[in-house]
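Asker: With the hints as extra help, turn the sequences into a complete structure.
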Amino acid sequence: MSTWIQITPLQNIPLREGRCVTLGRKEIAVFHLPEKVLAIDNRCPHGQGPLCDGITTGTHVVCPLHGWKIDLETGMVARPDVPVGVKTYPCRVNSDGIVEINVAATQEAEVAA
Amino acid sequence: MTRKKLKQQLIVIGNGMAGIGCLEQILRHNHNFEVTVFGDETHVNYNRILLSSVLAGEKPVDDITLNPLAWYLEHKITLRLGIRVTSIDPTMRTISGDDGSVTSYDKLLIATGSKPFIPRIEGVEKDGVCAWRTLADTQWILNRTKPGTKAVVIGGGLLGLEAARGLQVQGCDVTIVHLRDRLMERQLDSTGGRYLRSKIEALGVKVLLEKSTAAILGNGHATGVRLTCGLELPADLIVVAAGISPNADLGKQAGLQVNRGIIVNDYLETSNPDIFAVGECTEHRGVCHGLVAPLLAQGKVLAATITGNRGATFEGAIPAAKLKIMGVDVFSAGSNEGGPGIETVKYEDESQGVYKRLFLDGGRLVGAILVGDSNDSHRYSEWLRTGANLSAKRRTLLFPDPIADNGDAAAMLSDADTVCGCLGVSKGQIIEAIHEKGVCTMAQLKECTRASTGCGSCGNLCMDILRAVAPNFEEETKKVLCKCVPFPQEQIKEMIRTQRMKSVQEVLDIYGNGIGCEVCKPALSYLVDVVNCGEHDEDRSTRFINDRVHANIQNDGTFSVIPRMRGGITTPDELRKIADVADKYKVPLVKVTGSQRIDLLGIKKEDLPKVWADLGMPSGQGYAKGVRMVKTCVGSTFCRFGTQDSIATGVELERRMENLFTPHKTKMAVVGCPRNCAEATVKDIGLVGQEGSWQVVVGGAAGKSVRKADLLITVSSTEEALAAAEVFFQYYRENANYLERTYDFVERHGIEKIRRDTVYAPDAIKEALLDRLTKSKNLSQDAWLERDNPINATQFVQIQPMEQPIMPPSPSYLRSSASAND
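The listed protein sequences derive, respectively, from chains A and B. Position one of the first sequence corresponds to residue 1 (our numbering), numbered consecutively onward. Position one of the second sequence corresponds to residue 1 (our numbering), numbered consecutively onward.
By construction, these hints were calculated from the structure, which means they are not laboratory data. It is possible that some hints are incorrect.
[To be verified] Below, a list of computed lysine to any residue pairs in the SDA-like style, where the Cα atoms sit at most 20 Å apart:
(1) A:Lys-69 to B:Asn-546
(2) B:Lys-483 to A:Arg-79
(3) A:Lys-26 to B:Asn-513
(4) A:Lys-36 to B:Asn-546
(5) A:Lys-26 to B:Lys-604
(6) B:Lys-483 to A:Thr-57
(7) B:Lys-604 to B:Asp-788
[Unchecked claim] What the simulated footprint calls covered on chain A by chain B, stretch by stretch (three residues with Cβ under 8 Å from a Cβ of chain B suffice, anywhere in the stretch; the number is not a length):
(8) 42-55
(9) 58-65
(10) 83-97
Each residue gets a CB set at the ideal place from its N, CA and C atoms; glycine is no exception.
Answerer: Printed below as a string of structure tokens:
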């Protein structure tokens with residue numbers, strides 16, 4: 001069984017923006033950055049703001065509700081200085097230009113839960 | 001008993017610009033005085049020249065104070081305010097005040113200035129008639145004026161014109177009655193007078209020439225004036241500005257030689273060795289000077305004389321006058337009449353309203369008249385002062401050499417050239433203050449050199465020199481946008497303009513870190529839009545989510561939808577559609593907003609395009625840093641008090657500005673009468689209707705800050721009011737920093753500068769602002785039309801995954817839903 005789930009053609013996510021996708025019961029925000037694609041849990045740990053709607057700054061995203069800044073690579077909150085974070089998911093673009101997320105590699109059980 | 005005082009008693013009678021100006025000079029000398037100042041006004045020394053700015057609402061009273069109380073304390077000056085000196089006893093060397101006090105002096109300085117000349121007119125003592133000379137007069141006038149007040153100004157000289165202008169700005173209906181055949185006849189020739197008249201009339205002030213006032217009408221309180229020709233003009237307020245005469249009574253009483261004024265010699269000595277006089281109360285070589293520059297020059301000479309450094313002399317001055325009415329440039333200096341041996345050089349441009357005439361005698365400038373364009377007045381003052389031979393400059397007499405005319409007046413000056421004509425401060429002195437005293441702000445410069453504390457017209461020039469010379473000058477204003485693009489917004493706009501940059505990413509790549517953040521990206525989005533008048537490459541990734549989906553994100557991630565209801569006007573049909581939408585999408589909350597609109601809250605992002613389509617109404621931009629609404633009152637349409645059609649005007653105002661982005665949200669209102677039911681005076685832009693005219697006010701706020709809007713202009717027609725609002729609107733769009741509300745913007749620049757740069761700017765500048773507004777407007781559209789043409793495939797819809805992880809509860813169900821969507 002492949003653990004990489006095909007999500008959508010890359011062009012459906014505009015450069016430097018994020019989009020939300022629901023896998024099972026899990027909302028995941030996928031970001032299209034100049035060098036790579038990155039995926040994290042969509043809800044901000046602060047006020048459950050939709051991170052997919054945030055403005056990206058490098059490999060971080062800023063939550064549209066109250067400005068918390070999340071590191072897309074580690075999932076950790078970079079601002080304010082609090083030791084919390086969100087889950088990250090391996091993400092890639094396959095040779096057909098399709099964005100894929102690997103839910104099994106990290107938290108498949110949770111995604112499925 | 002012999003006087004054993006260590007210090008000599010110096011009494012100054014008069015707390016005005018000449019007396020205190022002289023005292024400031026005395027304090028610079030090594031002196032042995034204990035100083036007492038008597039002033040019959042109750043205010044500390046203020047800039048009398050700027051009373052016209054106070055009357056016109058351009059400056060608050062505090063701004064025209066020249067010497068605050070602290071200055072008197074610091075210099076140990078005893079200040080006796082509100083006391084009129086009634087007599088001088090030159091033998092006993094004492095003075096008596098109207099409070100019964102007697103004070104002895106060793107040296108006495110008379111600086112009593114002048115008094116208004118009140119012509120003998122029947123009924124001139126009636127309530128409602130006043131002269132205009134002091135701050136108290138100004139406040140009295142301001143208390144008597146309200147929109148629609150009928151005012152007559154008697155006298156069409158410099159003072160009368162400035163009074164008329166101030167009253168007009170306050171919304172009064174003003175008529176000038178002038179005895180002579182032209183306005184400002186002492187400074188202008190007949191052609192110049194004609195040009196000036198048309199400019200004054202264009203401001204909405206009526207001008208009656210060759211008319212004299214026979215009587216003030218009314219029983220106790222003035223109700224009008226009757227002219228000698230029989231014409232009667234109704235008036236609630238009559239300002240007499242028929243000239244001034246030296247206030248020399250005390251000199252006469254003390255037995256000094258007095259003609260029109262107290263006679264002084266070149267050292268400013270009177271006929272009594274212990275008494276000196278300075279300023280408008282004096283007569284020097286047969287001339288009574290009435291302008292600030294010669295009076296301050298006298299003060300310098302007198303300071304030397306009185307401190308035992310007699311030597312410097314005052315040898316008279318070339319009369320020069322500048323009218324301080326925004327948008328009406330008038331400058332006149334020296335001779336204004338031809339004569340044998342006098343050549344004149346002229347230029348006229350009827351359509352631009354520009355008239356220039358120079359008087360030359362043997363190749364030297366002896367007089368200049370400028371109407372409509374006084375940018376060059378500096379050059380002429382300098383030529384008059386130095387008496388330079390202009391034979392070699394004949395080609396460029398009327399206009400500066402094109403090469404030199406690059407707008408950089410400051411660089412063109414030599415160090416010896418005078419920058420502040422009033423205070424006699426040269427460019428060299430300013431530069432010295434910058435280098436030697438570390439002066440780097442305008443406030444410090446005023447404090448240190450007193451430059452620009454006279455009529456203030458050299459302010460921009462001083463600022464230019466500061467900017468060019470002071471190493472730390474920029475520190476004050478330099479606030480960079482953010483660390484990603486470390487430049488002030490002003491400079492970024494310039495970069496975008498000159499480098500013709502069309503996208504945020506370009507700016508970030510060339511001038512920034514290539515990445516950007518949530519602070520600079522929306523700001524740059526705004527800037528590339530406004531600089532390019534909408535002809536930019538829109539990149540939604542740099543916009544806040546609200547501007548990506550044209551709705552206001554709420555605390556649960558849903559959105560609010562506010563359709564545009566121009567002027568707060570709706571119809572049963574629209575209301576029905578709104579109700580249907582609320583039902584169909586199970587809108588959790590329907591709310592009437594503070595902006596006279598209806599807000600549908602709790603809409604899911606993917607429903608937005610459908611909601612907009614069902615509503616069939618345009619976006620109200622309730623989510624954007626953009627044009628929000630124009631709130632209106634009922635106005636003349638139904639209201640029995642309404643004087644103007646506020647609804648139609650408000651709807652039109654909204655139409656002209658809607659769909660545009662602004663530095664911060666822009667809220668407007670139009671009211672049909674001064675009852676102000678739609679709160680126009682606390683809006684970013686407000687139009688306040690009154691009988692026969694509109695006041696356009698800007699910079700109001702009633703949110704985080706509360707601020708009463710400043711008056712931009714009073715105009716007679718609705719179209720003019722709309723145009724004034726548009727000119728200000730575009731000026732704000734172009735010049736404010738991103739996220740700067742109008743109330744901060746107006747406060748930062750001062751309403752005076754904003755008026756000068758907008759409604760009182762030359763026509764070409766106003767037209768250019770309006771052209772750029774039109775261009776932006778033509779490229780803008782209702783954002784909700786993106787429902788049919790989304791900017792990308794997933795602008796509103798959620799991505800449906802091509803496959804789902806294999807897991808319970810029902811992969812097949814989820815798969816089929818995904819494929820259905822593909």
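Asker: Against each hint, give a clear statement of whether it holds in the structure.
Answerer: Evaluation of the provided hints:
A C-alpha spacing of about 18 Å is found between Lys-69 (chain A) and Asn-546 (chain B), which places the hinted pair at or below 20 Å, so the restraint holds. Proposed proximity of Lys-483 (chain B) and Arg-79 (chain A) is supported: the alpha carbons are some 16 Å apart, at most 20 Å. For a cut-off of 20 Å, the pair hint linking Lys-26 (chain A) to Asn-513 (chain B) is broken: about 35 Å separates their Cα positions. For the suggested pair Lys-36 (chain A) and Asn-546 (chain B), the alpha carbons sit about 26 Å apart, so the restraint of at most 20 Å is broken.
Distance restraint check for Lys-26 (chain A) and Lys-604 (chain B): the Cα-Cα separation of roughly 18 Å lies within the 20 Å cut-off, and the hinted pair is therefore satisfied. Restraint check for Lys-483 (chain B) and Thr-57 (chain A): satisfied, since their Cα atoms lie roughly 12 Å apart, inside the 20 Å limit. In summary, the hint linking Lys-604 (chain B) to Asp-788 (chain B) is supported, as the alpha carbons are separated by about 18 Å, within the 20 Å threshold. Counting residues of the stretch 42-55 of chain A whose CB falls under 8 Å from any CB of chain B gives 7; the rule of at least 3 is met.
For the stretch 58-65 of chain A, the stated coverage by chain B holds: 4 residues have a C-beta nearer than 8 Å to a C-beta of that chain, and at least 3 were required. Only residues whose beta carbon comes within less than 8 Å of a beta carbon in chain B count, and the stretch 83-97 of chain A has 0; fewer than three means the coverage is violated.
Of the numbered hints listed earlier, those contradicted by the structure are 3, 4, 10.
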